[in-house]
Amino acid sequence: MAPPNSRRIDAPPPQPLRGRGLRDDEFRRRVSVTPWTPVLEYGWDTGLAIGRFLEGLQEGKIYGTHCRQCGRTVTPPRAFCELDFKPMDEWVELADTGTINTFSICYITWDMKPLRRPQIPAVIDIDGTTPRGGFLHLLGGVSGNTVEDIREQISIGMPVRAVWKKPRDRTGAITDILHFAPAGKRR
Amino acid sequence: MTRKIRRRVAVVGAGMSLFMRRALETGRELSYYAAQQALESAGVRLKDIEAVTMATAPDAFDGVHMKGEWLLDGAGGTRKPYLRAYVGGGSGVFSLISGWTLVASGLFDLVLVVAEEKMSSCQPHPQGAFLTIFDHTIERPLGPNLLWIFSLEQQRYMQTYGIRNEDIALVSVKNKRNALDHPAAQVAANLTVADVLASEVVAWPVHRLMVSPVSDGAAAIVLAADSIAQRLTDKPIWVQGVGWALDTSYWGNRDLSYPRYVEVAAKMAYEMAGLTEPRKQIHIAEPYDPFAYKELHHLEGLQLADRGKAPEDLAAGRFDRTGELPTCPSGGLMGVGNPIAAAGLMKVCELFWQLRGEAGARQVPGTPERGVAQAWGDLMQIGTVAVLGVH
Chain A
1 MAPPNSRRID
11 APPPQPLRGR
21 GLRDDEFRRR
31 VSVTPWTPVL
41 EYGWDTGLAI
51 GRFLEGLQEG
61 KIYGTHCRQC
71 GRTVTPPRAF
81 CELDFKPMDE
91 WVELADTGTI
101 NTFSICYITW
111 DMKPLRRPQI
121 PAVIDIDGTT
131 PRGGFLHLLG
141 GVSGNTVEDI
151 REQISIGMPV
161 RAVWKKPRDR
171 TGAITDILHF
181 APAGKRR
Chain B
188 MTRKIRRRVA
198 VVGAGMSLFM
208 RRALETGREL
218 SYYAAQQALE
228 SAGVRLKDIE
238 AVTMATAPDA
248 FDGVHMKGEW
258 LLDGAGGTRK
268 PYLRAYVGGG
278 SGVFSLISGW
288 TLVASGLFDL
298 VLVVAEEKMS
308 SCQPHPQGAF
318 LTIFDHTIER
328 PLGPNLLWIF
338 SLEQQRYMQT
348 YGIRNEDIAL
358 VSVKNKRNAL
368 DHPAAQVAAN
378 LTVADVLASE
388 VVAWPVHRLM
398 VSPVSDGAAA
408 IVLAADSIAQ
418 RLTDKPIWVQ
428 GVGWALDTSY
438 WGNRDLSYPR
448 YVEVAAKMAY
458 EMAGLTEPRK
468 QIHIAEPYDP
478 FAYKELHHLE
488 GLQLADRGKA
498 PEDLAAGRFD
508 RTGELPTCPS
518 GGLMGVGNPI
528 AAAGLMKVCE
538 LFWQLRGEAG
548 ARQVPGTPER
558 GVAQAWGDLM
568 QIGTVAVLGV
578 H
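Chains as they are written, first to last, in the numbering used here: chain A, 1 to 187; chain B, 188 to 578.
Just so you know, the hints here were simulated from the structure itself, not pulled from any lab data.
There could be a bad hint or two in this list.
[As the list claims (entries may be wrong)] A few chain A residues that don't get close to chain B, going by computed Cβ distances all over 10 angstroms:
1) Gly21
2) Val39
3) Thr46
4) Glu93
5) Pro121
6) Ser143
7) Val147
8) Gln153
9) Val163
10) Lys166
11) Pro167
12) Asp169
13) Gly184
[Claimed, not checked] Some but not every residue of chain A turned toward chain B, in silico, with C-beta under 7 angstroms:
14) Pro12
15) Gly19
16) Leu22
17) Phe27
18) Leu48
19) Ile50
20) Arg52
21) Pro76
22) Phe80
23) Ser104
24) Ile108
25) Met112
26) Leu138
27) Gly140
28) Gly141
29) Pro182
Keep in mind the model is a prediction, meaning the values are calculated, not measured.
Beta carbons are placed, not taken as given, at the ideal position from N, Cα and C, and that holds for glycine.
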């Protein structure tokens, strides 16, 4: 039990703080851990707007939507303008080029396993959007694995171009774009 | 818009469990530890409590559906009006806001607020639970992990203002050092900027020691209406203002260099508190620091530093425990640990102790009269803000 109110210790919260931390070996050898591996399956519908976006990707096109009221042209496209709260007015075919808004060089997987060949996630601002914006994708077409190697080849603000899968391999998925690569390079 | 607040509300007690990498205790048991300590420090019994708000982040951490109900008994909510406050990482401060609405509205006089997280159950790593925050159709097929979005945001912040990674690493150094004086701390350490930058790059520009740990733990407070608070204690800590806001879930369309949602939340809270010059009127800040850069990013959103200038202020010592505006004197998430919802409420507990002059070895000098606590989360889109003070 915690001590009575009157006994203030030097650095609160009042002692004794409770909790029994487990060491790794205790957890691993463990008598009392009950494991469970859930099996959950879902079938996610694309929705109206992303459905059309994915059809566009299969054709090698990046679509956005335009709202006449606020004047924005946005991608990923949406069925309604979240600011004016009305249907979007038109579909716009955007270029398959853009600029790097930001990027990272990631050396671990979600479960903390090291990656020798890093992933290079980036936010790509797609040409033709106003204000400029875009979506998450990957950068590719760069050589080397170190931060230094990669930073020599890519930087924020750099123009990039989508590198597409071959038409027959496309499935109408975000991965129909393999990655974005520095413009001027094809691979 | 001027908001007319019906009743004043005060924090009258606070409690915590240890923050740990992996606790033997269940979430329910950890909640009980913190709640019991908060009740005891307020000098009230569970039967005096009229309602309970509970914060805990994704059900997926525990593999338990409707985790709020599962934790109910540990939070003291049995046979009482009970609600779960859940906005991801913003939940800890949001639990205070939820409890505050119940008291300020006149519905209840005495409310217990509990925040808990047990991340360690999720195998092999709780990041697995975070994968589902990404859009299932246009993001998850790219193989994202949680570090991506933070490293992308940090990089954009650095690029926009010409900030160096050394400037960011200093947050880890300060907070882990502050945490040496916190008895609940999980990852307190005396490090240098060089140590932080020597830790491995997990997702450039983020190094391992710029990331808060996986944690189990709980925190709790007791909220009381005006007259009750004055009867319970000579030193009630008043909730002077609260605010919260969310930005668009189309995060690729946002300006990642500045947390506008924190600005909106802060301005709401400051207006309610009657603050016109927050930099002069706020004496302690507990901004949310799950990643080192986030403390700086959030201080700018909180209007406590100029845009892009928080790193300079930090380097000049402005945010040290003895500085002009001590930030994260607790040690923050980087030092005390990050049991998600509990970490946010830990910040409120810290303000409670600091403003009462009871923070012991962590006490900031002078007699601080007002502090701000802030948390952040969901798809890096929510700001939750509370201003607490002695008057």
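Quick rundown of the hints versus the structure:
1. Not every Cβ of chain B is farther than 10 angstroms from the Cβ of Gly21/A; the closest lies at roughly 4 angstroms, contradicting the non-interface assignment.
2. Listed as outside the interface, Val39/A is consistent with that label: its C-beta sits roughly 12 angstroms from the nearest C-beta of chain B, beyond the 10 angstroms cut-off.
3. Listed as a non-interface residue, Thr46/A fails to keep its Cβ farther than 10 angstroms from every Cβ of chain B; the least gap is roughly 6 angstroms.
4. Every beta carbon of chain B lies more than 10 angstroms from that of Glu93/A, the smallest distance being close to 17 angstroms; the non-interface claim holds.
5. The beta carbon of Pro121/A is not kept farther than 10 angstroms from every beta carbon of chain B, the shortest such distance being approximately 5 angstroms.
6. With a cut of 10 angstroms on Cβ distances, Ser143/A stays outside the contact zone with chain B, its closest approach being about 17 angstroms.
7. Listed as outside the interface, Val147/A is inconsistent with that label: its C-beta sits roughly 5 angstroms from the nearest C-beta of chain B, within the 10 angstroms cut-off.
8. Annotated as non-interface, Gln153/A keeps its C-beta farther than 10 angstroms from every C-beta of chain B; the closest such distance is 14 angstroms.
9. Residue placement check: Val163/A keeps its beta carbon more than 10 angstroms from all beta carbons of chain B (closest about 14 angstroms).
10. For Lys166/A, the condition that its CB be more than 10 angstroms from all CB atoms of chain B holds, with the nearest at approximately 18 angstroms.
11. Once the 10 angstroms rule is applied to beta carbons, Pro167/A is consistent with being away from chain B; the minimum gap is 19 angstroms.
12. Residue placement check: Asp169/A keeps its beta carbon more than 10 angstroms from all beta carbons of chain B (closest about 14 angstroms).
13. With 10 angstroms as the threshold on Cβ separation, the claim that Gly184/A sits away from chain B holds: the shortest Cβ distance comes to roughly 22 angstroms.
14. A cut of 7 angstroms between beta carbons decides the hint on Pro12/A: the least distance to chain B is about 5 angstroms, and the hint holds.
15. Checking Gly19/A against chain B by beta carbon gives a least distance of about 3 angstroms; that is within 7 angstroms, so the hint holds.
16. At about 5 angstroms, the closest approach between the beta carbon of Leu22/A and any beta carbon in chain B falls short of 7 angstroms, and the interface hint on this residue holds.
17. Satisfaction of the interface hint for Phe27/A is found here, the shortest Cβ-Cβ separation to chain B being roughly 6 angstroms, below the 7 angstroms cut-off.
18. With its C-beta approaching chain B no nearer than about 12 angstroms, Leu48/A sits outside the 7 angstroms limit, and its interface hint is violated.
19. Among the interface hints, the one on Ile50/A holds; its C-beta lies about 5 angstroms from the nearest C-beta in chain B, closer than the 7 angstroms criterion.
20. Contact between Arg52/A and chain B, as hinted, is not supported at the beta carbon level, the nearest pair being about 12 angstroms apart and thus beyond 7 angstroms.
21. Of the supplied interface hints, the one on Pro76/A holds, with its beta-carbon coming within about 6 angstroms of a beta-carbon of chain B, less than 7 angstroms.
22. For Phe80/A, the suggested interface contact is broken, since its CB lies about 12 angstroms from the closest CB of chain B, more than 7 angstroms.
23. Because the closest C-beta pair between Ser104/A and chain B is about 4 angstroms apart, less than 7 angstroms, the hint holds.
24. For Ile108/A, the interface hint holds, the least distance from its beta-carbon to any beta-carbon of chain B being 5 angstroms, beneath 7 angstroms.
25. Nearest Cβ of chain B to the Cβ of Met112/A: about 5 angstroms, under the 7 angstroms cut. The hint holds.
26. Because the smallest distance between the Cβ of Leu138/A and any Cβ of chain B comes to about 6 angstroms, under 7 angstroms, the interface hint for this residue holds.
27. At its closest, the beta carbon of Gly140/A sits 12 angstroms from a beta carbon of chain B; the interface hint therefore is violated under the 7 angstroms criterion.
28. A cut of 7 angstroms between beta carbons decides the hint on Gly141/A: the least distance to chain B is about 16 angstroms, and the hint is violated.
29. For Pro182/A, the interface hint is violated, since its Cβ never comes within 7 angstroms of a Cβ in chain B; the closest pair sits about 17 angstroms apart.
Checked against the numbered hints above, the structure violates hints 1, 3, 5, 7, 18, 20, 22, 27, 28 and 29; every other hint is satisfied.
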